[in-house]
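Novice: Spelled out, the chains give:
Protein chains: 2
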Amino acid sequence: MKTCGLIVEYNPFHNGHVYHIQEAKKQTNADCMIAVMSGSFLQRGEPAIMDKYHRTKAALSMGIDLVLELPYAYAVQNSDLFAKGAVQTLNAVHTDAICFGSESGHIEPFQETYKQMQTHSDLYQSILKTELNKGEAFPKAHEKAFYQLPKGNKDNFLDLSAPNNILGYSYLKEILDHNLPIEPITIKRTKSGYHDTSIHGEIASATAIRESILNTKEIPKSTMPHSTYTQLMEYEQKTNQLHNWEVYFPFLQYRVLTMSLDELSEIHGMDEGLEYRMKQTARHAQSLADWIEKIKSKRYTWTRIQRLFTHLLTNTKKSEIHSIKKMSHPNYVRILGMNNTGRQYVNTYKNNISLPIITSYSKNQSSLLSIEERASHSYYSILSPEIKKMLYQQELSGPILI
Amino acid sequence: MKTCGLIVEYNPFHNGHVYHIQEAKKQTNADCMIAVMSGSFLQRGEPAIMDKYHRTKAALSMGIDLVLELPYAYAVQNSDLFAKGAVQTLNAVHTDAICFGSESGHIEPFQETYKQMQTHSDLYQSILKTELNKGEAFPKAHEKAFYQLPKGNKDNFLDLSAPNNILGYSYLKEILDHNLPIEPITIKRTKSGYHDTSIHGEIASATAIRESILNTKEIPKSTMPHSTYTQLMEYEQKTNQLHNWEVYFPFLQYRVLTMSLDELSEIHGMDEGLEYRMKQTARHAQSLADWIEKIKSKRYTWTRIQRLFTHLLTNTKKSEIHSIKKMSHPNYVRILGMNNTGRQYVNTYKNNISLPIITSYSKNQSSLLSIEERASHSYYSILSPEIKKMLYQQELSGPILI
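Chains A and B supply the protein sequences, listed in that same order. Residue numbers for the first sequence follow our numbering, beginning at 5 and rising by one. Residue numbers for the second sequence follow our numbering, beginning at 5 and rising by one.
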């Protein structure tokens, strides 16, 4: 069975994702499409609009055969650690190819860039350090260092200002650094930009779709398959909620106002005295957006602060992530859902999968899975006791089977 | 100026409290009535039905001249530490007498009991230890040990099964142990029992009044002065809330589900492995009452668990209370409100008051006051951002002056 892996958030699954799956299938001739998907919280430090199982169902009904969970400790991180978790999870289940979206749709600039970075690694590191010391945020410093490298083939130099390119580059780097038997493939992204927030026609970014849902309280049906619409409606009817950051604001404010500076400084991402800034601004914040505005600066970007708030909400410690960074790959594979094809694939190859396959929580689970469980509890914390219990029950009863 | 001190919670101020003030005035001929009152949380580990300032206003309009705050670290504790904080605060402002309610209204049984306990201290301690080791809760073990002491004058032996008698005994003990220049006076309590939850006529316990408000959503006007009714109405109109434990349930459940066992074990009152019991029961709890039922046992009484939840909500650590226990008295006196008589008293005697008089929070405040500030933030956490800000502003702007 030929397999193709996709690295996704599906927040929510939309028409652009359908195109991505179709193109990936076409280019790889894969019999089984495997998605590794973030769970409760996303890379930019946001709560998913609906829980992982409803997002899984939407994906399974539109061409994905097997959905694996990208563990929280990798999912809410910068691109390097994110890529490590995602690529190594796909490698553990022997994915033949990984297909990711990029601006140009050509793999050569990624390969060329990787070569240049290898050759000029010292130069890159030294410029990066200088820029960081100047107070630049990491993505900006990275971009600056990168553009000062000698350009081998100019036509093939990557545009690193596009978030999708940065992620794609990190996937390729993880594959090549570890010599993984995975073919990297890229396809051109559909026209809507990552940060585009307006909706025209059938293709819109997930960001634009979420904004539209939160602002107009209406789901833009034209931008998504019917199954996504159904899942969003179902989740909202069950829980009375589509998640966004503001509903967690009372918890975050309460936490910061009752934690000591020492306790705050133990949270992953609370670097360079950010705990003081956070505490000073906590009392007067009138909303989470207002609070982030008060903390943010050139160095502390909105995304960085959002991630920090996510780690605060989930009580994720520096020491925990420090241990996880030392691991060469996640220590389990968790299945969120599968169809017949996915089930057949898992049954056929399970003896070749080197990592334990996890479907639920257990008493003596790894720290990685404990963090996941905390992330789920944090995510559900704003719901009513009965709904909380019901959603947690789903986590215990294992994958969605369709 | 002759002063009389009362140790109160006023949760809320009712007709029994009016009687208490009148009797105390009659017996002491005091010109200035000073109340030391618990702030946001009460001795039995409950949130006050409305904030400290609205309760202060109700007290000031019914015969109290000066309201001081009993610091949280003393207020939410067993009777010994509670009494230390309260009596020492009143002593710091040179109160001539302390008047407390008791079942019989006679001071002799308290004095007799104190004498017996002094004489047979070793015996008492040894029985107490045995009973605790058998798994008895502290109040029960204390009572058992106490009743096994040789009774000097039997008629004058205290009934220690009544909560008010236990508190009264602790006040007297604090006065006599430290030889404080304060006259202890007791008056007979009005007919309603401490735990009586039904309402008949004009005298009802604070517990009964709160239950009635929470269950019927109506304030039993006949049981309280009009000023209390006004304050309750005003607070509810401002905040849309009269506080009870259930509104804090989402915060507590979230906290326990995202804290490690080590972190839980640092919380004051989390003894003898209670953290395991708390964690095991957290997921399935459908309300706070349901949760406490699941944790409670002969040894872990309802009150003890409620107190523990309060310390968890306010993030109060064993290490903090350990340091405070070593202090012979609170290290500040905080004024919550006063009328002209109170102000005159403070102005006349302030140079003789050995402790700093505090009205607000500040940057380099003592640990005792920092805990208080956290308790306030925890108490307000369930309110909307604007209301939170408004109530916190009151804490910064200092005492109520009428």
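In case anyone wonders, no lab produced these hints; they're calculated from the structure. Everything numeric in this text was worked out from a predicted model, so none of it was measured. One or more hints might be untrue.
Repeated chains share a single entry, so a pair holds when one copy, or any two copies, can fit it.
[As the list claims (entries may be wrong)] Pairs of lysine-lysine residues, derived as DSSO-like cross-links and limited to a Cα-Cα distance of at most 27 Å, are as follows:
#	residue 1	residue 2
1	K354	K144
2	K221	K283
3	K330	K393
4	K133	K155
5	K321	K283
6	K192	K298
7	K221	K322
8	K133	K242
Novice: For each hint, tell me whether it holds in the structure or not.
Specialist: How the hints compare with the structure:
1. Proximity of K354 to K144 under the C-alpha cut-off of 27 Å is found in neither arrangement, the shortest distances being 42 Å within a copy and 59 Å between copies.
2. In this homomeric assembly, K221 and K283 never come within 27 Å of each other (Cα to Cα): the closest approach is 33 Å inside a single copy and 37 Å across copies.
3. Neither within a single protomer nor between protomers do K330 and K393 lie at most 27 Å apart by alpha-carbon distance, with minima of 34 Å and 43 Å respectively.
4. Taking the shortest alpha-carbon separations for K133 and K155, only the intra-copy value of 20 Å comes in at or below 27 Å, while the best inter-copy value is 79 Å.
5. In this homomeric assembly, K321 and K283 come within 27 Å of each other (Cα to Cα) both inside a single copy, at 18 Å, and across copies, at 19 Å.
6. Taking the shortest Cα distances, K192 and K298 never come within 27 Å of each other, neither inside one copy (37 Å) nor across copies (56 Å).
7. Taking the closest pair of Cα atoms, K221 and K322 never come within 27 Å of each other, the shortest separation being 37 Å inside a single copy and 47 Å across copies.
8. Taking the shortest alpha-carbon separations for K133 and K242, neither the intra-copy value of 49 Å nor the inter-copy value of 53 Å comes in at or below 27 Å.
Hints 1, 2, 3, 6, 7, 8 from the list above are not met by this structure, while the remaining hints are.
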